[in-house]
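Chains as they are written, first to last, in our numbering: chain X, 1 to 102; chain G, 1 to 102.
I should point out that these hints are in silico values taken from the structure, not numbers from a laboratory. One should not assume that every hint holds.
Copies of the same chain look alike in the list, so a pair counts if it works inside one copy or between any two.
[What the hints assert, rightly or not] Taking lysine to aspartate or glutamate and the EDC-like style, the derived pairs with C-alpha atoms no more than 20 angstroms apart in a straight line are:
| id | residue 1 | residue 2 |
| --- | --- | --- |
| 1 | 78 | 48 |
| 2 | 64 | 50 |
| 3 | 77 | 50 |
| 4 | 58 | 76 |
| 5 | 64 | 17 |
| 6 | 64 | 39 |
| 7 | 77 | 48 |
| 8 | 78 | 17 |
| 9 | 77 | 17 |
| 10 | 77 | 67 |
| 11 | 77 | 36 |
| 12 | 78 | 36 |
| 13 | 78 | 61 |
Protein chains: 2
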Amino acid sequence: GENVKTKSKLVNQNLIDFLSTTNGRLVASLVREFLEFFDLDFTLAVFDPETNIGKDFKYRERSKLIDALGLTELTDKKSPLLSEIMRLSKVSVLKSESPTPT
Amino acid sequence: GENVKTKSKLVNQNLIDFLSTTNGRLVASLVREFLEFFDLDFTLAVFDPETNIGKDFKYRERSKLIDALGLTELTDKKSPLLSEIMRLSKVSVLKSESPTPT
């Protein structure tokens, strides 16, 4: 009856909905690839449980992401995949926050 | 002389180099916007110190990112900015990991 689910606070419906879409899973996997790429192990240790990895969905690793995104020939091994996505995006950087001319 | 810097283990040169570029900072800011968008507060609590936010660089918030990326008119408030970047990217999702037809 009045069984209060204390865990419900941890249910992140927005994220669950997002991860229910193919693109959402890809974006989340790209975020995770970024964290992995830079060895942000402490962040990953929190990111995985907080996003319910393995429970709600499984992240794709870099090689599978490259495959899924058709990036094979373009991929720069020295960059996280999100940099490639940005490069391939029509988005242009309009303003540089720090001009830093040398 | 033999002053071993125990902190040196925490220096993430790859990330520092990445964040020294405008595009790197943008990508990192987009990753952070994703974490913020989904209220991944525990992850953020680790992400910020691990990436040296404020120390090495400051993340741009969503509104400033939208501005910087020229996304103003395109932005879907129900999605993290990375979804917009993906949508605007030439990258096409070649394979769906789970066809899930309804």
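Inset, instruction - Would you pick out the hints that fail for this structure and give their numbers low to high? - result: Result: hints 1, 2, 3, 4, 5 and 7 break, sorted rising.
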